[in-house]
Amino acid sequence: MKKISILGLTAVREGLMEELMDLGAVALNSQESKLADEEWAALVSPDGDEAEAQRLEGQIVKASLALDVISKYDTVKSPLFKTRRMISPQQFRQILGEKEEIWNHAEQILTLYHELGQLKSEENRVKAEQLFLEPWSAYEAPLELQSTKCAALLMGTAPNAVEPDQLAEELDEITAAYEINVISSDFEQRYLSVLCLKRERELVLEALMRYGFNRMTFKDMRGTPAENLTAYERQFAEIETRRAELEERIRDAVRWKSEIECLIDDLTMQRDKVKIRERLLKTRETFCMDGWLPVKKIPAVEKLVLEKGCCYEISTPDNGDEIPVLLRNSSVAEPFEAITKLYGMPSDKAVDPTPFLAPFYCLFFGIMLGDAGYGIIMTAASFFILRKYRLEGMARQLIKMFFYCGISTVFWGALFGSWFGNIVSSVAGVFFEKNIAIRPLWFDPVWDPLKLLFFSFLVGAIHLMVALGLRAYILIKNGKPLDALCDVGFWYLVFGGIALMIVPGTFEAGKWVAAAGAAGLLLTGGRAKKSIFGKITGGLGAVYGIVNYFADILSYSRLLALGLASGVIAQVINTMGSLAGGGILGAVLMIVVGVGGHSFNLAINALGAFVHSCRLQYVEFFGKFFGTEGIAFEPFDRKTKYVLIHKEGN
Amino acid sequence: MEVINLILDGKFLAIFGAALATLLPGIGSARGMAMVGEAAAGVLAEDSRKFGQCLILQAIPSTQGIYGLLIAFLIMMKIGMVGENGMYELTILEGLHLLGAALPVAIVGIFAGILQARVATAGVMVIAKKSQELAKVLILAAMIETYIVLALLVSFLMLNGISISAAF
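For the protein sequence lines, the chains are G and D, in the order given. The numbering used here puts the first sequence at residues 1 to 650. The numbering used here puts the second sequence at residues 1001 to 1168.
To be clear, the hints were calculated from the coordinates, so they are not data collected in a lab. Being a predicted model, the structure only gives us computed values, none of them experimental. Just so you know, even glycine gets a beta-carbon here, dropped at the ideal spot from N, CA and C. Keep in mind that a hint or two might mislead.
Here are the simulated DMTMM-like cross-link-like pairs (lysine to aspartate or glutamate), alpha carbons at most 20 Å apart as the crow flies [said to hold, decoys possible]:
| id | chain 1 | residue 1 | chain 2 | residue 2 |
| --- | --- | --- | --- | --- |
| 1 | G | K72 | D | D1047 |
| 2 | G | K77 | D | D1047 |
| 3 | D | K1136 | G | E629 |
What follows is a set of in silico ranges between Cβ atoms, one per label pair, in the way DEER data are often shown [unchecked claim]:
| id | chain 1 | residue 1 | chain 2 | residue 2 | range |
| --- | --- | --- | --- | --- | --- |
| 4 | D | E1046 | G | E634 | 26 to 34 Å |
| 5 | D | M1143 | G | E14 | 49 to 57 Å |
| 6 | G | E634 | D | R1049 | 23 to 31 Å |
| 7 | D | G1052 | G | E144 | 57 to 65 Å |
| 8 | G | R125 | D | K1136 | 42 to 50 Å |
| 9 | G | G596 | D | R1049 | 24 to 32 Å |
| 10 | G | C311 | D | S1131 | 42 to 50 Å |
| 11 | D | A1034 | G | R390 | 34 to 42 Å |
| 12 | D | G1052 | G | L523 | 53 to 61 Å |
| 13 | D | E1046 | G | F432 | 49 to 57 Å |
| 14 | D | A1034 | G | D252 | 39 to 47 Å |
| 15 | D | S1131 | G | E144 | 56 to 64 Å |
| 16 | D | E1046 | G | C311 | 49 to 57 Å |
The task is simple: from the sequences and hints, build the whole structure.
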């Protein structure tokens, strides 16, 4: 990584930024610290156009909404993996030549969507009125008729608990001139119309209300309920036609989907271009910026900057600088960057752990899944996905990683003699009454679990030693060889000694080597402390650290446990599948239980193997040397979502 | 007295062990998956595209039940319940040994399932806001898994070390 500063005339700024974006090689720094400096602040002012950025942002939101709307009506099934479409710059420019038109379409879609929403609320309103009027459908007078010259009509509801006879008795006491009609009833109340004399209306109403009568009025409604209800039906039909029409038009607009996607990507790039200017400083006629670029990209950037007639300076970073980090690995180790990135970025002063964790990750995954049949499925599936979909970024890395892990799983499965558990001997035994089994190339962990347990501990010890080695390397790289000797060298002596003690014949020598290491730890563990007391406790603490190492090594027993789990469960599935014996029925059961059971087992155990391999890397391995102080290198480039504009020439 | 004699029977104790190894971790897993599932349903109501990630988180506390099943199955194989030979005669001591071997996975299983689900449920809340953080959340939940893995291992090694006299 090198530092770069560029100074140029405002006239070439647009062009330079456009091409820097194409190149995607430079990460620009924020200029806040410079602006805080009075000397700088007197000379320059920050560039940038916040209003424009916000305008573009608003347009992006609108266009994305339009895209969401048509996506709902898109009948083409979306693929399993989302990939960016490849598109040439000419095509892209051609599509965006009709930007106005695409924009109109997007707005049209939003209008249609809005109308659809209005239609929905209109429908709800009519529905509510329909529900309101439904009980009155048998009522034959027009609703607006509330009274004649002498008579008055009262309409309303009364609870079911009140019998109409009771009401009649009550009204009998007031007047003889009345008539109660029950129009309809539901499980709660009756719908009544009461005819009475106009002058007695208040009295009647009062009497009725004592019995829970609830008067209803039909404001703004004309005609009989039946007429109104037919009108509602007609309205529903109209709404339905209108909706079908709107939906048809939206469905018709689906064909603009790819154009709208291009539009969104174009707007996003425009916005990024406006936003990045916040990281530029300007005077009246010039602009300047600074940032980072990887060494590999220097020639391309130099050429571009000179072409535009700008001044530039490329310098080696100072000690205090926080250098952004870009991971670079060989194509085999590169997929495992995903595991590193999930944890965090290494500091610029540390080391990229990816090439070191890659072989161990594969190994752990293979032992934990530990079945050749599952491995073949995983390898084939990830190979197929990589061929069919042009994945990018983290998704591609993960799938590629599963490809390698699948191969490792086949390898370890073959060593353990597990092919879908013991499917060969199950099938041979049940259907052909023969005794065939695939012999393990090494040993079957179910019959000799202790062997695999010790092997797991050995693998774990090597893993931890590599981690310690990396710690020493980082310490030496940062000019602290003494720390490397005290914190790592002595541990190597201790563990080397213990290893010698285990190997037969060298017990005595091993004892002394381990003791020397422990003595070294005891004497130097508290070297940073000032007081004598601190030095003693520091030394004791360092030696006590051996407990942590044993705990770490025990943690690798999960290799055995998970390996056994997937193998034994596969055997259980095969046993269940062969319960019906031979014959057609047996074969059907075997296939159904086998396919279902093994898919389930593979899914659960692959998830387990993934998570636990990660854990061993993150907790046991990274814990020894790795910090996530690093900042990822994020170059200024085309961050498109839907299309990938492949640059001229490749 | 008679009841005690019936219970202190080798075969019964072994079967009881297998039953416990299935029951307790099974309860732990079922309870745990329900907890995560409920939280996940809440997230899906907002954004159904997060289904895949939520499903993975829900699957996390399922392992306890599977490990329990595994030990139960191994006990059943050991005492001849699976296979043509029929069940072996077991001494009381052998039955007690098998029961004891089932206990680590049985008891850790019920707690680990529920506790792991608590972390996974919190993880679902993280997914609701930041769906790219799935891996980190998975690791957090998997830290608890360590102890059920260790219990499984101990149960397995114990079973491996117990020999049944009638099987020879």
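Taking the hints in turn, this is what the structure says about them:
no., hint, verdict
1, G/K72 x D/D1047, "holds, 14 Å"
2, G/K77 x D/D1047, "holds, 19 Å"
3, D/K1136 x G/E629, "holds, 17 Å"
4, D/E1046 x G/E634: 26 to 34 Å, "holds, 29 Å"
5, D/M1143 x G/E14: 49 to 57 Å, "holds, 52 Å"
6, G/E634 x D/R1049: 23 to 31 Å, "holds, 25 Å"
7, D/G1052 x G/E144: 57 to 65 Å, "holds, 59 Å"
8, G/R125 x D/K1136: 42 to 50 Å, "holds, 49 Å"
9, G/G596 x D/R1049: 24 to 32 Å, "holds, 27 Å"
10, G/C311 x D/S1131: 42 to 50 Å, "holds, 44 Å"
11, D/A1034 x G/R390: 34 to 42 Å, "holds, 40 Å"
12, D/G1052 x G/L523: 53 to 61 Å, "holds, 55 Å"
13, D/E1046 x G/F432: 49 to 57 Å, "holds, 55 Å"
14, D/A1034 x G/D252: 39 to 47 Å, "holds, 45 Å"
15, D/S1131 x G/E144: 56 to 64 Å, "holds, 58 Å"
16, D/E1046 x G/C311: 49 to 57 Å, "holds, 52 Å"
The structure shown violates none of the earlier numbered hints.
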